[in-house]
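All chains should be modelled from the sequences, with the hints used to inform the complete structure.
Protein chains: 2
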Amino acid sequence: MIQIDWKPDKSLATPVYIQIKDFIKEKIETGQWTVGTRIPAQRALAQLFGVNRSTVVLACEELIAEGLLEGKSGQGTRVKNNTWSLLSSAPPPDWNQYIKRGAHQPNLPTIQDINRWEPLPHIIRLGTGEPSPEIFPQELMAQILHRLPAKIQSLGYEEGKGLYPLREELSKHLQSIGIAASPSSIMIVSGALQALQLISIGLLRRNSTILLEKPSYLKSLNLFPSSGINMVGIPMDEYGIQIPFVKQQKKKHNASLLYTIPSFHNPTGTVMSLERRKQLLQACEEGQLPIIEDDVYRELWLDEPPPPPLKAMDKHGTVLYLGSISKALAPGLRIGWVAGPEPVIDRLADIKMQTDYGSSSLSQWAVAEWLASGMYDVHLANMRDGLRLRRDTMLALLADEFAGIAEWTKPSGGFYIWLQLPAAVSLRELFEAALQEGILLNPGNLYDSLAVSHLRLSYSYASLPDMEKGIKKLAEIVRHMVK
Amino acid sequence: MIQIDWKPDKSLATPVYIQIKDFIKEKIETGQWTVGTRIPAQRALAQLFGVNRSTVVLACEELIAEGLLEGKSGQGTRVKNNTWSLLSSAPPPDWNQYIKRGAHQPNLPTIQDINRWEPLPHIIRLGTGEPSPEIFPQELMAQILHRLPAKIQSLGYEEGKGLYPLREELSKHLQSIGIAASPSSIMIVSGALQALQLISIGLLRRNSTILLEKPSYLKSLNLFPSSGINMVGIPMDEYGIQIPFVKQQKKKHNASLLYTIPSFHNPTGTVMSLERRKQLLQACEEGQLPIIEDDVYRELWLDEPPPPPLKAMDKHGTVLYLGSISKALAPGLRIGWVAGPEPVIDRLADIKMQTDYGSSSLSQWAVAEWLASGMYDVHLANMRDGLRLRRDTMLALLADEFAGIAEWTKPSGGFYIWLQLPAAVSLRELFEAALQEGILLNPGNLYDSLAVSHLRLSYSYASLPDMEKGIKKLAEIVRHMVK
Numbered sequence: 031m032i033q034i035d036w037k038p039d040k041s042l043a044t045p046v047y048i049q050i051k052d053f054i055k056e057k058i059e060t061g062q063w064t065v066g067t068r069i070p071a072q073r074a075l076a077q078l079f080g081v082n083r084s085t086v087v088l089a090c091e092e093l094i095a096e097g098l099l100e101g102k103s104g105q106g107t108r109v110k111n112n113t114w115s116l117l118s119s120a121p122p123p124d125w126n127q128y129i130k131r132g133a134h135q136p137n138l139p140t141i142q143d144i145n146r147w148e149p150l151p152h153i154i155r156l157g158t159g160e161p162s163p164e165i166f167p168q169e170l171m172a173q174i175l176h177r178l179p180a181k182i183q184s185l186g187y188e189e190g191k192g193l194y195p196l197r198e199e200l201s202k203h204l205q206s207i208g209i210a211a212s213p214s215s216i217m218i219v220s221g222a223l224q225a226l227q228l229i230s231i232g233l234l235r236r237n238s239t240i241l242l243e244k245p246s247y248l249k250s251l252n253l254f255p256s257s258g259i260n261m262v263g264i265p266m267d268e269y270g271i272q273i274p275f276v277k278q279q280k281k282k283h284n285a286s287l288l289y290t291i292p293s294f295h296n297p298t299g300t301v302m303s304l305e306r307r308k309q310l311l312q313a314c315e316e317g318q319l320p321i322i323e324d325d326v327y328r329e330l331w332l333d334e335p336p337p338p339p340l341k342a343m344d345k346h347g348t349v350l351y352l353g354s355i356s357k358a359l360a361p362g363l364r365i366g367w368v369a370g371p372e373p374v375i376d377r378l379a380d381i382k383m384q385t386d387y388g389s390s391s392l393s394q395w396a397v398a399e400w401l402a403s404g405m406y407d408v409h410l411a412n413m414r415d416g417l418r419l420r421r422d423t424m425l426a427l428l429a430d431e432f433a434g435i436a437e438w439t440k441p442s443g444g445f446y447i448w449l450q451l452p453a454a455v456s457l458r459e460l461f462e463a464a465l466q467e468g469i470l471l472n473p474g475n476l477y478d479s480l481a482v483s484h485l486r487l488s489y490s491y492a493s494l495p496d497m498e499k500g501i502k503k504l505a506e507i508v509r510h511m512v513k
Numbered sequence: 031m032i033q034i035d036w037k038p039d040k041s042l043a044t045p046v047y048i049q050i051k052d053f054i055k056e057k058i059e060t061g062q063w064t065v066g067t068r069i070p071a072q073r074a075l076a077q078l079f080g081v082n083r084s085t086v087v088l089a090c091e092e093l094i095a096e097g098l099l100e101g102k103s104g105q106g107t108r109v110k111n112n113t114w115s116l117l118s119s120a121p122p123p124d125w126n127q128y129i130k131r132g133a134h135q136p137n138l139p140t141i142q143d144i145n146r147w148e149p150l151p152h153i154i155r156l157g158t159g160e161p162s163p164e165i166f167p168q169e170l171m172a173q174i175l176h177r178l179p180a181k182i183q184s185l186g187y188e189e190g191k192g193l194y195p196l197r198e199e200l201s202k203h204l205q206s207i208g209i210a211a212s213p214s215s216i217m218i219v220s221g222a223l224q225a226l227q228l229i230s231i232g233l234l235r236r237n238s239t240i241l242l243e244k245p246s247y248l249k250s251l252n253l254f255p256s257s258g259i260n261m262v263g264i265p266m267d268e269y270g271i272q273i274p275f276v277k278q279q280k281k282k283h284n285a286s287l288l289y290t291i292p293s294f295h296n297p298t299g300t301v302m303s304l305e306r307r308k309q310l311l312q313a314c315e316e317g318q319l320p321i322i323e324d325d326v327y328r329e330l331w332l333d334e335p336p337p338p339p340l341k342a343m344d345k346h347g348t349v350l351y352l353g354s355i356s357k358a359l360a361p362g363l364r365i366g367w368v369a370g371p372e373p374v375i376d377r378l379a380d381i382k383m384q385t386d387y388g389s390s391s392l393s394q395w396a397v398a399e400w401l402a403s404g405m406y407d408v409h410l411a412n413m414r415d416g417l418r419l420r421r422d423t424m425l426a427l428l429a430d431e432f433a434g435i436a437e438w439t440k441p442s443g444g445f446y447i448w449l450q451l452p453a454a455v456s457l458r459e460l461f462e463a464a465l466q467e468g469i470l471l472n473p474g475n476l477y478d479s480l481a482v483s484h485l486r487l488s489y490s491y492a493s494l495p496d497m498e499k500g501i502k503k504l505a506e507i508v509r510h511m512v513k
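Here the protein sequences come in this chain order: C and F. For the first sequence, position 2 (counting from the first letter as 1) is numbered 32 according to our numbering, and the numbering increases by one without interruption. For the second sequence, position 214 (counting from the first letter as 1) is numbered 244 according to our numbering, and the numbering increases by one without interruption.
A hint or two may mislead.
[Claimed, not checked] Calculated pairs, DSSO-like style, for lysine-lysine (alpha carbon to alpha carbon, straight line, at most 30 angstroms): (1) K130(F) / K277(C); (2) K57(F) / K130(C); (3) K57(F) / K102(F); (4) K345(C) / K202(F); (5) K345(F) / K40(C); (6) K57(C) / K40(F).
The hints are simulated quantities; they were obtained by calculation from the structure and are not laboratory data.
Rendered as structure tokens:
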């Protein structure tokens, strides 16, 4: 008979039955309780754990429902499967086969790790591309929320392109950065990522090729590969993507699209110069190569506004423009937008209706109110102040801690510093070692498989004390690894 | 030179420059102004339209950006393309080719029509599967929104499975209908439709087959066909899907999944009996055929609660359970959930993170508060009262207007009445004729290609006066067509 030498901790926030469930699960999943193992009777378990029998019953019921335990009348409870991921034979349905089956690829393992670790409370996130909870405009958001009931008569499905009042506000907003787009050529998406997903399934053929900066945020997503689309990286210099290579690779691969982040590029922080923007647009017009302009960091300039968007100079409908509230205000609203030729917008909106019937109307009303009330501009000014302090703090820390062992440039906006480490450092080892110390990193090879000595640092997320602690510890680890 | 004998109407809500833009667009798109046509100078246009020159400039700029006009210095403005959908040659990039290209199929034409007509203000929607704005709980929602600022510290990205406090509430909620699911085996989606989309790309192989009721809501979506998945309909009787055919078709097609709406089936309104539920679960367990249980209408019982969900009787992890707030509270929140074996939930959550980084946190907080505050139950009681009145009104109208020419049964919950019309009625003609009279219908063949004499009526959406007007007019049209 199995041994149990553990009791749930009633002082914890986690309900006792969940603690019991997790305990049993771990025993099973780690192979400590193998398939066929008999579990003590529920009455005995209750005594062993020092809890009511009903608590044990609840835990066991869930484990039975999850297929880990089975209860046969007269025979007590037994371990039925050791774990879903090892599940190999016969009934219940072998979900594991299904999990491996779908066309869509899983996230990259490092991204899965990052997604798994990010929610943990004490982790220091030095690479997270998200505004810190500390700069969340709690006061202003409360004001917005209090105004919403007067606006919202009902919360039904919206038309495919999204809430009309929000598209009207966005039309004005885009006009303020030089882009002429009427509400009918704008669609709302649940963040720019969703726009990319819709483009990947709605506008591109399998085996087609898109060009993108090297490195690029897009490389860290499995979205395009999952739709059978190839990504070809184009070298950058300090002024952005290099035009001769765009032309060359466009011809070589018969590329279908170019994806670019011209302002405060993710992960390098580069701002494409005005001259380069003009050259790129001209090259793409000549080559009939449509552009996806991902401009989600535009508002987050810290020294001076970036040059106008490509879309503002686009007189031929070459550019599909992506914007978002996620970086500048709050990712949790899940609101972004696409502006471009109306038939393209219509097509993408039709697909969106098939995938999620539109974005949250509540979020759409909230963003419309942010824009209409002028509070968005108030917030942006505060946000830039907060972000500037963070950037300058991280730059000062880097100067103190990494002088001589790493290289970087000062970004003039956005979130990121692209840190080049000594070639001797193994990113995987660094990632693991940092995690041991409670620091979560975004390794450079997520964004370019050859960037094996880079880290994407972000000054947007960690608190200032955490940032200091994190950068100092990171420098220690790197120095140790270089030795 | 072209003639202009039209002026914008300044009393309208639509901005004047948009009216001008739409006017020019229509001229071009209808072929009245062909490619190469010279547009009068902006000064002259301003005079013709009786507006400021800046208004004309704005309209023309947008049309240039959309690729319809082109302005060459010294040569004035010309029509550049007649319309994107006829666009055939050379630069600008031929977006039209892209639109046809993507792997994802467009919505069915009738669904596109429906999506297009639904937002129009004066249309009477007799088939819309959405709660009427009239039964939207405006008062209670205002209370919820006023409570949110105290809960929301920040609105960042959530973990892949969704906001933890909401999953805790849902865990309790599911327990109340007999389903044991811990927060870690629940994930939040942007409505049940998104869950289906994630399943189609995450768990199913191309060329696999899923079984579903015949007719079925799922048939009206192009989601599964877009992923290369076949759908095979199984006949129903008054107790639900028929088991012998499930077994037969599972074998014949080596089917991968069964999709069912056991409670208040869409579109027939059928409630699967307890006996049938047990048989179905047993058959699927024996055949190792996983079930997707779409239970989004469960709360909307009008006479008595339906039998327990399949998931509540599932001791082997055979069932993946879908729920949603869209039908019972407000679709615009875009919040649904999936409960099932944890590895499956993990896989789906990983894909969700790749497609939209999670659902609106604002919506998630709102739904958590609805559940935690108990206001959801208050609302459901009101909702049932409102819906019962609507159902009884529609049944009375049908008895008055359709006796002798159509057949239907009384639904005991949900939104739908499955109306069987005389065989002589052409659904396409009926759809068009009704639209002429301002009535929007959901033809039966959307849900089963052989249901060429059925309509899916919904008593959930139209106001009572509209419902009366609509049903009377519909009966007139049908009687006329039968003659």
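(Q) Of the numbered hints stated earlier in the document, which are not met by this structure? (A) Those not satisfied are hints 2, 4, 6.
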